[in-house]
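**Q** Same order as they appear, the protein sequences are chains A and B.
For the first sequence, position 402 (counting from the first letter as 1) is numbered 402 according to the working numbering, and the numbering increases by one without interruption.
For the second sequence, position 216 (counting from the first letter as 1) is numbered 216 according to the working numbering, and the numbering increases by one without interruption.
Just so you know, not all the hints are guaranteed correct.
Copies of one chain are not kept apart here, so a pair can be met inside one copy or by any two copies together.
List time: in silico EDC-like cross-link candidates among lysine to aspartate or glutamate, alpha-carbon distance up to 20 Å [as the list claims (entries may be wrong)]:
#1 K25 - D83
#2 K89 - D293
#3 K72 - D191
#4 K322 - D293
#5 K25 - E66
These aren't lab readings, by the way, just hints derived from the structure by calculation.
2 protein chains.
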Amino acid sequence: MSTMNLTLLTDLYELTMMQGYFLNKTNETVIFDAFYRTNPSNGGYAIVAGLEQVIDYIKDLRFSKEDIAYLKGLNLFEKEFLDYLSNFKFSGDIYAIKEGTVVFPREPLLKVIAPIIEAQLIETAILNIINHQSLIATKASRVCYAAKGDSVLEFGLRRAQGPDAGIYGARAAVIGGCIATSNVLAGQMFDIPVRGTHAHSWVMSFPNEYSAFKKYSELYPDACHLLVDTYDTLKSGVPNAIRIFREMQASGIKLKNYGIRLDSGDLAYLSKEARKLLDEAGYEDAVISASSDLDEYLIDSLKAQGAVITSWGVGTNLITSKDCPAFGGVYKLAAMKRPDKNEFIPKIKLSENTAKVTNPGNKTIYRIYIRGVGKVKADLITLADEKIDEEQDLVLFDPVETWKKTKLSGGSYTVRELLVPIFKNGECVYTSPSVMEIRDYCQSELNSLWDETRRFINPHEVYVDLSDDLYLIKRTLLANLGQEKNL
Amino acid sequence: MSTMNLTLLTDLYELTMMQGYFLNKTNETVIFDAFYRTNPSNGGYAIVAGLEQVIDYIKDLRFSKEDIAYLKGLNLFEKEFLDYLSNFKFSGDIYAIKEGTVVFPREPLLKVIAPIIEAQLIETAILNIINHQSLIATKASRVCYAAKGDSVLEFGLRRAQGPDAGIYGARAAVIGGCIATSNVLAGQMFDIPVRGTHAHSWVMSFPNEYSAFKKYSELYPDACHLLVDTYDTLKSGVPNAIRIFREMQASGIKLKNYGIRLDSGDLAYLSKEARKLLDEAGYEDAVISASSDLDEYLIDSLKAQGAVITSWGVGTNLITSKDCPAFGGVYKLAAMKRPDKNEFIPKIKLSENTAKVTNPGNKTIYRIYIRGVGKVKADLITLADEKIDEEQDLVLFDPVETWKKTKLSGGSYTVRELLVPIFKNGECVYTSPSVMEIRDYCQSELNSLWDETRRFINPHEVYVDLSDDLYLIKRTLLANLGQEKNL
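The following block holds chain A by itself, in its conformation from the complex (with noise of 0.2 Å):
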């Protein structure tokens, strides 16, 4: 996370509503949970990530003077409200689904127990850092699933939209499968692999393109990866990378890390003609990377095309995320205690749209297996204090269209709670992984799906649904609101 203070990165509306429970002396402990509603890119699932950087967040949480002072030139604020800010502190509990893991529409990715003030002022934040990353981790994980097995490397810093977005959104695509990052200072701030080439510039400002690959072979022996787009692939640029690679050896150094990168062009073509004159002259073992506007469609279609790349450089369509660039994560109540007793009332938010509809409660997520396999077969929400017996029968049921059941034989799947305590009582209990070790536990993550629900085009879906505990408590609250409608 920035060294900036991002205490005051919030929607003035979390502060206007904070004092208005300030004032109004209302600061009951409740229940928000951050969720998201349709997977990005009509994919099948999606890579939750970023919690570190909420984790910092939380952490760093105070009002500076100069905060204090801003807020009390809007003219909005009383205050005793401002005294309370000066001295905040987030008190409260946070869960949360570990970064990495797989993820589906409307499971809690990260819930949030706090005194209704405090829990507030921290929904933009943590909006924004999962939205972001789970986006870029998400995405990531699909254009590396179209590579097959081949290197992506992210390239897309010139283009992500601000620095944060550049150096984060390199964390989450190596989160979810890039092996490296062109980003300097991504690299260094999460200890990850920096890779690259050369540029076009380096070529012009040489008096021509031989020379420019000369000079680079000479300073780079051991990872000559040579541009060969400038003026002409295959008249110019591969038949100078082949006179180079010759008077490598001829020189006595032994070509390991050796090859060429097409950056415009048919790719598919380039590459197959790039190929046949490598092999030609004995260079088989030239890697052949491609950058160019690529997501996992084109690489799919590449790939089915038969072209012969094994090195991708993914940009714009990566950090972006330019066909789905926003995840719409949301934040909803899902519990209030009750002043008097110590009990949390559900809470649920209605929709004319039935999908829309939260799930109320205070909840948590078990994703059931099948056992031997290690496939995911389904993800199950309960009440946070359910308990699942794997010995024993487990029926599914949708829960929407309910009469869709499912039932597992005890003893025939496998449970894991998903949710996992990072903050208690407002220290953190939590310590992050590494990056490179998210990455790992990601891609155990992805294998756990099958094909059918990481594939493009009409993925399978992933049942979740919901415990009967808690259909039964969502059922009954749709069921009193719709005769106090007209209050």
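Let chain A serve as the given structure and place chain B on it in line with the hints.
**A** Relative to chain A, chain B alone:
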């Protein structure tokens, strides 16, 4: 700009190329142009923004000890190059088009004249900043155009691609025409207005909608905008709002800044029905504002359907420029000084796509206005030392379809040079205006366009032509390269 130092916010290849030039003892002065090729969202223009942050970035360039240690650890860089970096300071010149200016494809938005090692480092961050802010400023200008003078508020922080995208996106949105943002940190940093009402959670945290509205009206009687769609907009939300307005009047409050906000459902239908209910109750001046996945196309459509909304809160689709989330700016070598002489050699990058061939040389841009009308006629890219005499006839020709010519009679037009000096010999010689000043300037810029250029579908293209001298250089370079292709 965030207080994190952004010197390492660059692609790795910039650093490996820099070392290449350094070890090769090549450090000629070069000219790089930052420009874009296609208007965002198939529009007829763009708004350039981000210059103030580019200036901050250039001023702050320095490699810390930690940066040098990190680079050393990559095992790519020689000690003498790292020593050079520890003393790095930008020593060149930068020219740029002022923020808030209307711009067109292929015009240099920013021109760097510096030793090649320095000019290479700053490519990535300059593009990142200008690409992002120009994208959002352009989008905001489109949304405001659709709103036809109604207020447009930037509400997208929670869906922005990371904190910076929210912060600098809000800045750019105000430059492009938004009257305010919900983002408190952006309000503090740039002294721009902040606005907001309340969320569904406010309503849900009270026993019922009426009591939530009641408390809100007591707290904020001077800005009582009530969100009416938590349960049922027309059966519950609007009647409760009217009841509150009545009670406010009964208690002696003079209603001025008040109204309702719609955040879901059919905004055309709901706004008309809500208007009827408000008018029948005598609240003809209650404002109906709306939010909910708005963009320029939806606002245009709602206006055409007779929606009676006069204030628009625009989130996701503005802050991500959803239909076109990348600006596509590039940074290309245009000239290089001859080592022995004080003279620039123009440079060109070829492409199989004619429109992608770069414009060589040291250039400037003149905007040509129809005298007395103040509307833009065309832009003319010339060599930097060319002058235009407004009293002489001026013949413009299309640089691709050169038979398309237009003659402007002397005295019928005026010209304005767009590039202004920002840095001279590494020192900043420019003072950025305030964001609200830039916003005013941008409004006048937008007024210099005909409506035909601002429309969303098939906008009229403003011609960007080349001077005779520049065209001749370009043609000569192309002819020479044609002969040298197979080096």
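**Q** Each hint should be assessed against the structure and marked as holding or not.
**A** Hints and how they fare:
1. K25 - D83: within (15 Å within a copy, 60 Å between copies)
2. K89 - D293: neither (45 Å within a copy, 34 Å between copies)
3. K72 - D191: between (41 Å within a copy, 14 Å between copies)
4. K322 - D293: Both, since 10 Å and 17 Å are each at most 20 Å.
5. K25 - E66: Answer is neither; intra-copy 26 Å and inter-copy 49 Å both fail.
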